[in-house]
Amino acid sequence: MMVRAVTLALMLLAAGCAREDRRDVLTFSGSAVGREADVLRTQLARFAAERGIRVEIRATPDSADQRHQLYVQWLNARSPEPDILQLDVIWTPEFAAAGWLLPLDRFAHDTADFFPATLEANRWQGVLFGLPWFVDVGMLYWRTDLFDRAPGTFDDLAGGAARALRDGRVRYGLVWQAARYEGLMTVFVEILGGFGGAILDEAGAVAVDAPAAVSALTWMRDAIHREGIVPSAALTWQEEQTRFAFQTGAAAAMRNWPYAYALLSAGDSAVAGRFAVSPMPAVPGTGAPTGALGGSQLAINARTAQPDEAWAVVEYLTAPEQMLERARVVGQFPSRASVYEPGRGLEGVLGIDPAAARDVVAAARPRPVTPVYTQLSEILQIRVHRALTRQQEPAAALHEAAREMRALLARSGLAAERTTEGP
Amino acid sequence: MSRWVARGAAALVALSAFPLAWMVVASLAPETRLFDAGGVWRGPFVLDHYRALFDQRDFWVPIRNSFIVAGSTTVFAVALGAACAYALARMRFRGRYALLAFVLAVSMFPQISLVAPLYLLLREAGLINTYPGLVLPYLTFAMPLTIWLLVGYFRQLPADLEEAAAIDGAGRLRTLVEIFAPLAWPGIATTAILTFVYCWNEFLFALSFTLGPERHTVPVAIALFRGQYQVPWGQILAAAVVATAPVVLLVIAFQRRITRGLTAGAVKG
Amino acid sequence: MSASPSERREAWLFVSPAIATIAAVAIIPMAWTVWESLHLHDLRMPWLGRPFVGADNYLEAFGDERFRDAMARTFAFAAASVSLELVIGLIFALAMSHALRARALIRVLVLMAWAVPTVVAALVWRFMFEGPSGVAGSLLAALGVVDAGFSWFVHPVAAWVPILLADAWKMTPFVALLLLAGLESIDPSLYDAARMDGAGAWRQFREITLPLLRPALLVAVLFRALDAFRVFDVIYVMTGGGPGTSTEPISLYTFTTLLQHLRFGYGSALSVLVFLTTFVLALLYIRLVGRNLLEAKP
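Top to bottom, those sequences are chains A, B and C.
Here the working numbering is used: the first residue of the first sequence is 1, the next is one more, and so on.
Here the working numbering is used: the first residue of the second sequence is 1, the next is one more, and so on.
Here the working numbering is used: the first residue of the third sequence is 1, the next is one more, and so on.
It is worth saying that the hints were derived from the structure and are not from the lab.
C-beta atoms are modelled at their ideal positions from N, C-alpha and C, and glycine is treated no differently.
Any given hint could turn out to be false.
Just a few of them, taken from the derived set where beta-carbon distance is under 7 Å, the chain C residues facing chain A [as the list claims (entries may be wrong)]: (1) L43; (2) R44; (3) M45; (4) P46; (5) L48; (6) V154; (7) G242; (8) G244; (9) Q260.
With beta-carbon atoms standing in for the labels, derived distance ranges [said to hold, decoys possible]: (10) C/P188 x B/P158: 24 to 30 Å; (11) A/A250 x C/R68: 37 to 43 Å; (12) C/R287 x A/P211: 54 to 60 Å; (13) A/D156 x C/A55: 52 to 58 Å; (14) B/P158 x C/S16: 22 to 28 Å; (15) C/V154 x A/A356: 35 to 41 Å; (16) C/R214 x B/F18: 30 to 36 Å.
Kindly generate the complete structure, drawing on both the sequences and the hints.
Here it is in structure tokens:
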């Protein structure tokens, strides 16, 4: 009886070891929720019909941090799948430096059409590892019935939000993503830029303990706890929760990505027709309106069994026609500058005038392009969130963060001149 | 004193049972009622979440994975552990106490301390995200567990069993099969049950050494439901009920045995 | 302990497969962890190679505030959960030793809490404290313990409450059973004698029960402390270590270092430090319990 049991166990284990033969099917891993999933499936089906290459979509969590963790897990375990990966803009240098991505230079000959900042974010040591797929820029959404004009300064924004709160017109003044995740960094980068600061300065040295950064973080904390214009619940919110708050008319202003525009204009939105978008505010003179550069790139697994087929998919999905279709269905900004020209079909699709959109994208600021960005970000996230939850004073939090970040850069053998931040 | 204590205990028992009861009831509540603390009990009761669990999420897969991994580990661990425990409990040889202490020491290894080397080892062998890639790490706690429990059981059997059999002229093998095994069988069964439960509930290794739904075990699958931006509590609760059901059934069926096994000495908590 | 050579050989034959397996999957990897902890090995930065760095990782750990905090937090959690479980477990055990008819029911309920996967326990308790309308959260708000709409998992200290409750809910049954075994070994005639001397229930408890229960209490404390120190599942699932890192125990920090930051050298050093800490606790346990099991009859 024992012998039989052991044999059965061995057989089961052997069955588990066998891997199916999966030629002719590629796996694509990326965001597969809602309209994004729809348009992706449509495009991949078309691709399959035209080229005879089937691509399976492997779902990943919607949260970027969790998708990152999953990718790290798969790629570090040397899994040959997924073949094609949708990467967040900040991941390319990290994965490239770890040796997990296929260099694309031998495939991608014509890259002049892509926005320069997006390409730079995808290069590591001069080699291209990812192709920009669509671009995201942080923007300020504001209620046209509560603000006279677009809030250009932080005082305008705070003042208008406070007024709306006082008048009882809204439940929240301003909402943003303040959960302890990467989204918090995009918000922080934008407010930081508005105060004239940066995470890394032009020389690539850590600058989060500079006075501008302390002012920015203090402003954010006071907006929550002193002015009360930002709800403390926002400290657990990501993009969807903030969109929900604004969409139901509960907030006077919101910081979010372009994807929200189409949803806010839809029939079931309480604020349809009563909102507008503009760049984030800035301190006049010292800061500049800053939109964080987000968006996705397509990259190929270094251990893929089918590199040429994978490139064919990537090339197809990043072609202008597919980008236009994606913009129409999902409202995501194309990463090719030529698509924004008049007559290409982008009018009335993005919610803002294509020329204005292109300018916003061209001016978007990437986060630091370094393989250790996620680690830098985590250090900063923890400290910033601590300051925002009043566990620590902003100055002390940023000082400690800067110290750890400098130690990390030194330890990684990444000399300051190797890291670049945007224009 | 006894009435006062008994009342306190009754309250604690009720408190103890409440979360499980709540879990079952809430898993049957429609999506809109989930957070309506009072309304959940009133009904209606729907099977939406369970249906979604198996239709949309293919929950059969983690269940299958858990059965295979827990089952295989139990078979190996009990087979090897029984032999080892027999020698430790009923044979005399030098180094017996040292070995027992050694086994106990290994059972104290914090799991987290083994993740790094096991990961690198499994990766080199190409065993990440496979069944053997989980069974091997599981043996790190399953083997000491089975040895320890079985030593406890075997020691309780009559000491002169082997002597009597030897006097009758039976060889070692016959003694084992015809005399010892029937008496030891209840202890072995209980050990198998306890080992299975531990493997079924294991989380850290399963989280570290599997990559995707095709090999996730039940605890990992449920824990990772929380990936979506909107936490699907209905399905999570339904999955929790499904995950707990086999274990609960085992416990109810073998409660007497298990209690004795748990109190028999050094069991991992 | 004299045995014939053939019996010795036989014994080793029985024992070797198991011991070999344990050596392969536990001892060798543990030794490797120690070796790895002396190197710099960051899997995300392969250009740095795998140089030997001696005690650098350990020095970094001692200077790492996140590590020190995690250790302190883990000890505090162990102390809190063990105390909680001891008190509740004792009440349970006393009840079980008295209420003979309800024993079977209590045993089943108690064992179910033990057998439920920790992940499930964590999720159920999270659900009960989630948001403004989680059943436990709203109950506590109704009782005035917290404000209505209090967000348990956002508050760095309050987040520990559901964690402790989930852990106690899952682990108390085991403590109760251990203590029950201890209670049942107390000679009932002692209580009869005390009652005849006029001692009340409380005095009986204080002067007979507690002292004679001390060995079992000690076993329970050490055992639970060892386990509580290694806590991972319940916190990973419930808060992920958050808000920030305010509920991050040492095993979660080690896990993050290894499988998220891919710093295998540093993570191995953390692993070794966790191992050494549990080793000290385990030594205490072995000295107290191990010998009893080998020498005495259960």
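**Q.** Violated hints, by number in ascending order, as checked against the structure
**A.** none
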